[in-house]
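Student: Let the sequences and hints guide you as you build the complete structure.
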Amino acid sequence: MTVPATEPVAEVSLREYGPAVSVPLGAEAGQALAASGILRSATPDPRRNGHWLLRAGSRVGAVRVPEGPVVRIMPKTPVSRLFFLLGFSLDPARAWRDSREGTIDTGGYDDIVPALAHAVERQIDGALRQGVLQGYREVEESASVVRGRLREAEQLRRHFGRTPPVEIAYDAYTADTAENRILRAAAERLLRLPEVPGPVRRRLAHQRVRLADALPLIRGQALPAWQPSRLNSRYRPALRLAEAVLRGTSPEHRPAGSEPLAVDGFLIDMNKLFEDFVTVALREALREHGLTACLQDPHHLDVAGLVGMRPDLVVRTGDGVTPLAVVDAKYKIEKADGLLNADLYQALAYATVLGLREAHLVYASGRQPVRFHEVRGTAAGPNGRGVRIHQHSLALSREPEELLTTFREIAGQLATGRREVA
1 MTVPATEPVA EVSLREYGPA VSVPLGAEAG QALAASGILR SATPDPRRNG
51 HWLLRAGSRV GAVRVPEGPV VRIMPKTPVS RLFFLLGFSL DPARAWRDSR
101 EGTIDTGGYD DIVPALAHAV ERQIDGALRQ GVLQGYREVE ESASVVRGRL
151 REAEQLRRHF GRTPPVEIAY DAYTADTAEN RILRAAAERL LRLPEVPGPV
201 RRRLAHQRVR LADALPLIRG QALPAWQPSR LNSRYRPALR LAEAVLRGTS
251 PEHRPAGSEP LAVDGFLIDM NKLFEDFVTV ALREALREHG LTACLQDPHH
301 LDVAGLVGMR PDLVVRTGDG VTPLAVVDAK YKIEKADGLL NADLYQALAY
351 ATVLGLREAH LVYASGRQPV RFHEVRGTAA GPNGRGVRIH QHSLALSREP
401 EELLTTFREI AGQLATGRRE VA
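Going letter by letter, the sequence shown gives residues 1 to 422 in the numbering used here.
Just so you know, not all the hints are guaranteed correct.
[Claimed, not checked] As a list, the in silico BS3-like pairs of lysine-lysine whose alpha-carbon atoms are at most 25 Å apart: (1) K332 - K76; (2) K332 - K272; (3) K272 - K76.
[Claimed, not checked] Each pair of labels, with its calculated beta carbon distance range: (4) E399 - R192: 31 to 37 Å; (5) D176 - G220: 40 to 46 Å; (6) R287 - R55: 36 to 42 Å; (7) G320 - A225: 23 to 29 Å; (8) V370 - A27: 48 to 54 Å; (9) P199 - P66: 24 to 30 Å; (10) L191 - E28: 25 to 31 Å.
Keep in mind that the hints were calculated from the coordinates and are not lab data. Don't be surprised by glycine CBs; every beta carbon is placed ideally from N, CA and C.
Tutor: Shown next as C-alpha cells:
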C-alpha cells in the first residue's frame with residue numbers, strides 16, 4: 001500500500017551510520033542529495049509516495065541542499081571529543097586543549113555547526129586581541145607618479161612607453177595579508193551556514209568588520225599560502241581551524257554528466273578525521289623513542305609498479321631509512337568475533353611488501369583493547385616467529401589524556417619490536 005505524499009520538510013536529522021529515515025522530499029531535492037555523495041544512500045521510498053529513504057555514512061555536520069531542506073547529521077562521538085580529535089590532528093604542538101578536559105572551546109553546544117562557529121569566533125578573537133596583523137605585500141598598479149619600481153615590460157605593452165600613467169610595483173604595509181584573508185573568509189563562510197546561533201552570528205559579523213581591510217577570497221580558488229613565523233604565532237591556532245572550515249564547507253560535487261552541485265554547509269568525514277588523529281598521535285608518541293613516522297607512505301604491491309598501495313603510517317628508524325612496522329587506521333567497529341578478514345589481508349600485504357615482521361590495525365572501537373594474529377606460512381624471523389598482525393581498539397568517548405596514553409603504549413610496543421628485530 002502506498003502512503004499519500006506529504007509536504008516536504010525544512011530540516012532533516014540523521015545519525016552517523018544510523019538506520020535509513022523516510023523523509024518527505026521533492027524529487028529535485030532528493031535527486032540532488034543522491035547525486036551529492038554526502039549520504040551513504042538516498043533513494044525513493046517505494047512504500048511512501050513523495051518520500052525518500054536517507055541514510056547517513058561517515059560524514060557529519062550540516063548542509064543546506066538547493067531547493068531542499070537543511071540536513072543535520074549527528075556524530076556518534078560526543079561533539080567536544082570530536083573537536084579534540086580535529087584540533088590535535090591539525091596542530092598537536094600548540095595549545096588546542098583550552099581546558100583541563102582536553103577540548104577546544106565549543107561553548108557547550110551539542111551540534112557540530114554551532115560548536116564550530118563558536119570555536120572559530122573565539123579563536124579569531126584571540127588572534128586579533130593584540131590588533132590586526134599587518135605585513136608587506138607587493139602591489140602592482142597604474143599611477144600618475146613613479147613609486148617603487150617601474151614595470152618596464154608592462155609600460156611598453158600597455159602604454160607604448162608613454163607616460164603618464166606609469167606601471168609600478170611597490171611593497172605596501174597593509175592588513176591585506178594571507179592570514180587575514182583566511183580568517184575573514186572563514187567568518188564569512190560560517191555566517192552563511194545553517195544553524196549558527198544568533199549570538200555567535202553577531203560576534204562573527206563583528207570579527208568580519210575587524211578584518212574588513214583584507215580582500216575577500218574568491219570561491220573555488222586555492223587558499224592563499226602563509227608561512228609560520230614569530231610574527232603570526234598568535235594567529236596560528238585560528239588559522240588552522242579556519243583552513244579546516246574553508247576546506248570542509250560549501251563542497252562542490254560533480255555527478256556524472258552534470259554541472260557541479262554547490263551545497264552550503266560544513267561536513268567532517270569521520271573516516272578521514274580518525275585516520276588523521278591516529279597517525280598524528282602516533283607520530284608524536286614515536287618521537288619519544290627516537291623513531292620517525294612516514295604518513296601516507298606510497299609503495300607498490302607488484303614489481304612492475306602497477307598496483308599502488310599507501311599505508312596510513314610506516315614506522316622507520318630515527319634516520320627515516322629502515323622500515324620497522326606499518327600501521328593502518330580503521331574507523332569501524334570490529335565484528336562479533338573481532339575478525340575483519342579484509343583488513344588483516346591488507347595489513348599482511350603491507351608487511352610483505354615492506355619486509356616487516358609487524359603490522360598494526362587501529363580500530364575506533366572493539367571488544368578487546370589489544371589482540372594479535374601470527375600468520376601461518378610466513379618465514380620465521382630472528383626471534384623464531386612469523387609475521388604478527390596486531391589489532392588495537394580505541395574508545396573515542398574516553399578522556400583525551402587517556403587516548404594519548406594509549407598511543408604512547410602502542411608507540412612503546414613498536415619500540416620494543418624494534419629491539420627484538422635488532
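Student: Does 24 to 30 Å hold as the CB distance between P199 and P66, or does it fail?
Tutor: With a Cβ separation near 28 Å, P199 and P66 satisfy 24 to 30 Å, so the hint holds.
Student: Does the Cβ pair G320, A225 satisfy 23 to 29 Å?
Tutor: 26 Å, holds
Student: L191 and E28, beta-carbon distance inside 25 to 31 Å?
Tutor: 26 Å, holds
Student: Can you tell me whether the CB distance of R287 to R55 sits inside 36 to 42 Å?
Tutor: Since the Cβ atoms of R287 and R55 sit about 41 Å apart, the hinted range of 36 to 42 Å holds.
Student: Are the Cα atoms of K272 and K76 separated by 25 Å or less?
Tutor: 15 Å, holds
Student: Does the beta carbon distance between V370 and A27 stay inside 48 to 54 Å, or does it fall outside?
Tutor: 50 Å, holds
Student: So if I understand the rule, the pair passes when the alpha-carbon distance is 25 Å or less; does K332 with K76 pass?
Tutor: It holds: about 12 Å lies between the C-alpha atoms, which stays within 25 Å.
Student: Take a look at whether the Cβ-Cβ distance between D176 and G220 falls inside 40 to 46 Å.
Tutor: Given a distance of about 20 Å, which is not inside 40 to 46 Å, the answer is violated.
Student: Hinted pair, alpha-carbon criterion (25 Å max): K332, K272. Please report holds or violated.
Tutor: Answer holds: K332 to K272 is near 12 Å, not above 25 Å.
Student: Given the range 31 to 37 Å, decide if the beta-carbon distance of E399 to R192 lies inside it.
Tutor: The hint (31 to 37 Å, Cβ to Cβ) holds, given that E399 and R192 are roughly 35 Å apart.
Hint compliance for this structure: hint 5 is the single one not met.
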